[in-house]
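There are 2 protein chains.
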Amino acid sequence: MAQHTNRRVILKERATGLPKPELFEVVEDDAPSPGDGEILINNIYVSADPGMKGWISVARNYASVETGTTMHAFSVGVAVESNHPDVQEGDVVAANTGWAEYAVADPTLPTFRKVDPEDAPISTALGILGINGFTAYCGLLNIGQPQAGDTVVVSTAAGAVGSAVGQIAKIKGCRTVGIAGGAEKSALCTDVFGYDAVIDYKATDDLESALREVCPDGINVYYDNVGGETLDIVLGQVALHGRVVICGTAATDAWIPQPSGLRPERNLLVNRIRMEGFLTFDFVDQYAEAHAQLSTWVREGKIAYREDVAEGLENAPAALAGLYEGRNMGRQLVRVRPDPFA
Amino acid sequence: MAQHTNRRVILKERATGLPKPELFEVVEDDAPSPGDGEILINNIYVSADPGMKGWISVARNYASVETGTTMHAFSVGVAVESNHPDVQEGDVVAANTGWAEYAVADPTLPTFRKVDPEDAPISTALGILGINGFTAYCGLLNIGQPQAGDTVVVSTAAGAVGSAVGQIAKIKGCRTVGIAGGAEKSALCTDVFGYDAVIDYKATDDLESALREVCPDGINVYYDNVGGETLDIVLGQVALHGRVVICGTAATDAWIPQPSGLRPERNLLVNRIRMEGFLTFDFVDQYAEAHAQLSTWVREGKIAYREDVAEGLENAPAALAGLYEGRNMGRQLVRVRPDPFA
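Taken in sequence, the protein lines are chains Z and L.
Using my numbering, the letters of the first sequence correspond one by one to residues 1 to 342.
Using my numbering, the letters of the second sequence correspond one by one to residues 343 to 684.
Derived by calculation from the structure, the hints in this document are not laboratory data.
Zero decoy hints are in this set.
Computed footprint of chain L on chain Z; a stretch qualifies when at least three of its residues, placed anywhere within it, have a C-beta under 8 Å from a C-beta of chain L: (1) 52-65; (2) 244-255; (3) 266-276.
Even glycine gets a Cβ: it sits at the ideal position worked out from N, Cα and C.
Construct the entire structure; sequences and hints are all you get.
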C-alpha cells in the first residue's frame with residue numbers, strides 16, 4: 001500500500017477561554033494504517049464547530065481532546081484504503097476524523113456515513129445534511145416541540161444550526177424571529193432564511209424592548225445557541241408553557257469560575273417553562289429520518305444554507321477562533337484539498 | 343336565613359419582600375350571601391402557604407390578591423347555606439375561600455371538593471390529602487419522572503410538600519436525600535419521613551461537599567422548593583439526563599430586581615438536564631387519582647404527615663410570616679374555630 005505523508009493539527013494546550021490559534025500546531029508525519037474493519041480517509045473538508053470551545057477546555061467535557069493528539073472535527077473525504085466490506089476505495093464518506101489530511105475512520109461510529117456526491121455538494125455532509133442540520137432538526141422537534149402558530153426565537157439565527165432551525169420552524173407553521181449580530185447576518189435571516197423578523201443585537205442597546213416589540217404575545221420556543229445575557233432576557237418573555245432548547249453557550253467565553261446571571265427559577269415557575277439541554281448525539285437514532293427529511297426540503301428549495309470555507313488545513317485554528325468573533329457567514333468549513341466533486 | 347357576623351383578614355398593602363403581618367388587617371362585617379349555585383361556608387381551618395409570597399407581591403402573579411380584599415387561602419369548613427344541588431347544609435367541604443370565618447365558595451372551581459370526615463382528619467384536606475399532597479404527587483411523577491434506583495433530592499424536605507415528595511419517591515423505589523434546616527427538621531426527615539440521608543443546611547458551611555458525599559453517583563431528580571443558592575449547588579451535581587422540578591422559590595425574598603445566581607445553561611447542556619416549573623393547578627385533571635392514591639398510602643401507613651396549627655384567624659398573618667423563617671414544623675394551618683370532627 002502507498003505510504004502517504006500526512007499533515008494534521010494537534011492540540012498543544014487546553015484552553016481556559018476561547019480557542020486561540022496558538023493552542024494548536026501543524027505536525028507532519030506518516031499517515032496511519034487502518035486496522036481491521038477500519039478505513040483510511042483522505043479528507044476534502046473538515047469542520048470548525050462552536051462546540052470545540054468545550055472540547056478543548058480545561059473543564060472536562062463529553063468530547064474532550066487530549067493534548068498532543070489530533071484535534072477532533074467532523075470531516076468528509078474519500079476512502080483510500082478500506083478494511084470494511086461496505087466501503088470501497090473511492091467512496092465518499094463523512095466521519096469524525098479530525099483536522100488531518102489523512103486519518104483512520106471507524107465505521108461503527110454514529111457520525112460515519114457514506115455520502116452520495118450526486119445528491120448534493122459533499123460539503124453539505126458537514127452542514128445542513130450533517131451535524132448542523134441534524135442538531136437543528138432533532139433539538140427543535142424533540143425538545144422545542146413547535147406547534148403551528150407558535151412564535152419561535154432563534155439565537156445565532158444566521159448560523160449553520162440557527163438558520164436550519166428557523167426554516168424548519170417555518171415549515172412547521174411557526175412565526176420565526178431571529179437574533180443575529182450585524183447587518184449582513186440580519187439581512188441573511190430575512191432574505192435567505194425567511195425569518196418573519198430579525199433583531200440585530202449589535203445594533204440595539206435594548207434587546208429586551210426590541211424583543212418585546214417583535215414578540216408581543218411572548219415566545220413559545222427559544223432555541224438557544226448562545227446562553228448568557230441573551231438567555232436571561234429571553235427567559236423573561238417566554239410565554240406560558242414555553243420551551244427553551246439549550247443547544248450551545250457561545251456567548252460565554254469560560255465556565256471556570258462559573259459566571260453569574262439572572263436567576264431563572266421564578267420565570268420557569270410562574271410560566272411553567274421547560275428548559276432543557278441536549279447534545280446532538282442523544283438523537284443518533286433519528287439521524288436517518290433527519291437526513292431523509294432535510295434532503296427532501298433542500299431539494300425542494302424549502303431550506304437554504306450558507307457555507308464559509310477557509311482554504312488549507314493550517315488555517316483551521318484561525319477559522320475556529322473566527323467563529324467566536326462572529327466572522328463566519330454560514331457553516332464554517334476548512335478545505336483540506338480541492339474538491340473533486342465541486 | 344341567619345345573618346352571620348364575619349371576621350376576615352384583608353390585604354392592606356402588597357409586599358416588596360417577605361409577607362409581614364403589618365400588610366394585613368382583620369375586619370369585621372356581615373357574612374356574604376351565596377349566589378346561584380354557590381355555598382356559604384363556615385370555615386374550620388385555613389392555610390398559610392409558601393406560595394402566598396407571590397400572591398401578595400407587587401410583582402404580578404398567577405394568583406395575585408388585590409388590596410382591600412380577603413387574603414386568598416385554602417380552607418376546609420362546613421356548608422351553612424347551599425344553593426347547589428350536590429351540597430347539603432352540614433357537608434364538610436374543602437375550597438379556596440380565603441382567611442375568613444364565613445365565605446362563599448364556588449363549587450365549579452377545581453379546589454372545591456366534598457370531604458368525608460370519616461376518611462381522615464378534615465385538616466388533611468388542606469395538606470397531605472389536599473393541595474400539598476397533590477402538588478408533591480403530580481409534580482414528582484409528571485416532571486421528576488422518578489425511576490427505581492434514582493437518587494432523588496428534595497429541598498424543604500420536612501415541609502408539607504417535601505415530606506410527601508420524599509415518601510412518594512421512596513415508594514417508587516428511589517433513594518431519597520432531604521435538605522432541611524435545623525436538627526429537629528432533619529430528625530423528622532429520617533425518623534418520620536424515611537429519607538435515606540438528610541443534610542441540615544444550617545449545620546454545614548459547605549453544602550456542595552455535603553451533597554457530594556451523600557450523592558456520590560449524582561442526582562437524578564431534584565425536587566426544588568427553594569431555588570436560590572441551593573439550586574445553584576444542586577445543579578452542579580445533577581446526573582446525566584437528570585430532572586429538576588421547580589416547585590417553589592422560598593429561598594428568594596424578592597424578585598424585583600431579579601436576583602443573580604450561577605448560570606445554569608452549561609450544566610443543562612453538558613448533562614442534558616431538564617429543568618421545568620409547574621403549578622399544581624396545571625394538574626387538576628389528576629387530583630382525583632392523586633387523592634385516591636395518597637389516601638390509600640396514608641391509610642396503609644406508608645405516608646406520614648405533620649401539621650402545625652396556629653389558633654385563631656387573627657394569627658394567620660404571623661403564621662404566614664413564620665413560614666419564611668422556617669418556624670413551622672409541618673403543614674402550617676390556622677384553626678378558625680374548634681374542629682367538631684377532631
